[in-house]
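One letter stands for each residue in the lines below.
2 protein chains.
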Amino acid sequence: MSTEITERQQEIINVSLALITESGIQSLTIKNLAKRIGFAESAIYRHYENKIQILLAILDFFKRNTEQLFSNQLNSNENALVRIEKLFVTHFRKFANTPSLVAVIFSEEIFRNEKELSTKVAEIMNLNIASLTTIIKDGQQKGEIRNDIEASHLATMILGSLRMFVKQWSMSNYSFNLEKKGNELSNSIKTLLVP
Amino acid sequence: MSTEITERQQEIINVSLALITESGIQSLTIKNLAKRIGFAESAIYRHYENKIQILLAILDFFKRNTEQLFSNQLNSNENALVRIEKLFVTHFRKFANTPSLVAVIFSEEIFRNEKELSTKVAEIMNLNIASLTTIIKDGQQKGEIRNDIEASHLATMILGSLRMFVKQWSMSNYSFNLEKKGNELSNSIKTLLVP
DNA sequence: CTTTGTAGTGTGAATATTCACTCACATAAA
DNA sequence: TTTATGTGAGTGAATATTCACACTACAAAG
Numbered sequence: 001m002s003t004e005i006t007e008r009q010q011e012i013i014n015v016s017l018a019l020i021t022e023s024g025i026q027s028l029t030i031k032n033l034a035k036r037i038g039f040a041e042s043a044i045y046r047h048y049e050n051k052i053q054i055l056l057a058i059l060d061f062f063k064r065n066t067e068q069l070f071s072n073q074l075n076s077n078e079n080a081l082v083r084i085e086k087l088f089v090t091h092f093r094k095f096a097n098t099p100s101l102v103a104v105i106f107s108e109e110i111f112r113n114e115k116e117l118s119t120k121v122a123e124i125m126n127l128n129i130a131s132l133t134t135i136i137k138d139g140q141q142k143g144e145i146r147n148d149i150e151a152s153h154l155a156t157m158i159l160g161s162l163r164m165f166v167k168q169w170s171m172s173n174y175s176f177n178l179e180k181k182g183n184e185l186s187n188s189i190k191t192l193l194v195p
Numbered sequence: 001m002s003t004e005i006t007e008r009q010q011e012i013i014n015v016s017l018a019l020i021t022e023s024g025i026q027s028l029t030i031k032n033l034a035k036r037i038g039f040a041e042s043a044i045y046r047h048y049e050n051k052i053q054i055l056l057a058i059l060d061f062f063k064r065n066t067e068q069l070f071s072n073q074l075n076s077n078e079n080a081l082v083r084i085e086k087l088f089v090t091h092f093r094k095f096a097n098t099p100s101l102v103a104v105i106f107s108e109e110i111f112r113n114e115k116e117l118s119t120k121v122a123e124i125m126n127l128n129i130a131s132l133t134t135i136i137k138d139g140q141q142k143g144e145i146r147n148d149i150e151a152s153h154l155a156t157m158i159l160g161s162l163r164m165f166v167k168q169w170s171m172s173n174y175s176f177n178l179e180k181k182g183n184e185l186s187n188s189i190k191t192l193l194v195p
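Going down the list, the sequences are from chains A and B. Going by the numbering used here, the letters in the first sequence line up with residues 1 to 195, in that order. Going by the numbering used here, the letters in the second sequence line up with residues 1 to 195, in that order.
Because the hints were derived from the structure by calculation, they are not lab data. It is possible that some hints are incorrect.
To give an idea of the chain B side of the interface with chain A (calculated C-beta under 8 Å), a few residues [said to hold, decoys possible]:
1) Ile25
2) Glu108
3) Leu159
4) Lys190
5) Leu192
6) Val194
Ideal placement from N, C-alpha and C gives every residue a C-beta, glycine not left out.
Assemble the whole structure, with the sequences as input and the hints as a guide.
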């Protein structure tokens, strides 16, 4: 039901993401959306009740994309260091291929007004931190990750590093190769985590 | 000259910060500003040419506040680990006392439209990363910080951890004691950095 | 001491623009 | 006939900004 999505709805989300990538969340207006699709503005409302629903759909897209990366590693039984490395690699690949996701990450302040939106943002982040913490605890028990630091602290640091790195990339106008440089960062993190 | 600021201008900035703290950057409108001061909207323009200038002044306030924390440690000659610890402690204290700064940190996406603003944001962040990198390199040379990881990576991780932690705090509606919990995180970071 | 000019500050009304959203109507397919 | 989809015109609210006008403090000129 609620997960089913029509072709037009998908198109609206795709165009939304394109607009966000090009000029930020601020440029995501009904007018711009309709213009890009080749639509009248009023036609949008045949497919989404209001703009909030579109933003929620975008957050859903974001959620599905990142959540999957975490759960993939959550359900793997490789060495925890490898799992965390893969977390980095897959994230950087995803962001490099879908830069709109980056704009979404850092648009949380814009979602702050609408309760439904800010709740969803918090929900996504808490879920990701929880998954990561689980992976770390598991690695600590198996002796794959150093045991002298609280798992939640390590999770904060790892996720924080990831975000900060992506932020640096976006602030440099995507001037370096995220995947390649990201690998180096990932190796540094691994070195820190090793017991 | 340009750094001189009148009483009214200071009042406008103070009220701006209060508005941002209470309900986010989105609520910083000329109307709200004027209402809170007890002003006509038009009176604002006697003191600032336009809204952009107000936002720039806010960023300046932010810049002065954080820059100082970095340069204090930059010019100290204590053990690098202690300097980094102090960086954490002073940041957390500052954020706890001036929560509007948190909203400013995470409002970068909103500043993205105006070139002048986004440039300033990038400038602030690059400066902070550079200061931190200098401190780390110094510590590495003196054998106070582990040498097997690139200083720039460590800087990304440290700053990323700091931001992520503050984000978690703000997302929890400031439900925990930032300074106290921040101390624990700071200790974990120190443990990671030690050679 | 008084007049006059001026700079600084505040006001209320008006402006243009942008925004999300509505609605009566049209059309085509099933 | 019904359902889904699209349209064009319009609405009201919010936004930043402008402008002619008014008041005050104060210093220079008479």
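**Hints that the structure is at odds with (numbers, increasing)** = Those not satisfied are hints 4 and 6.
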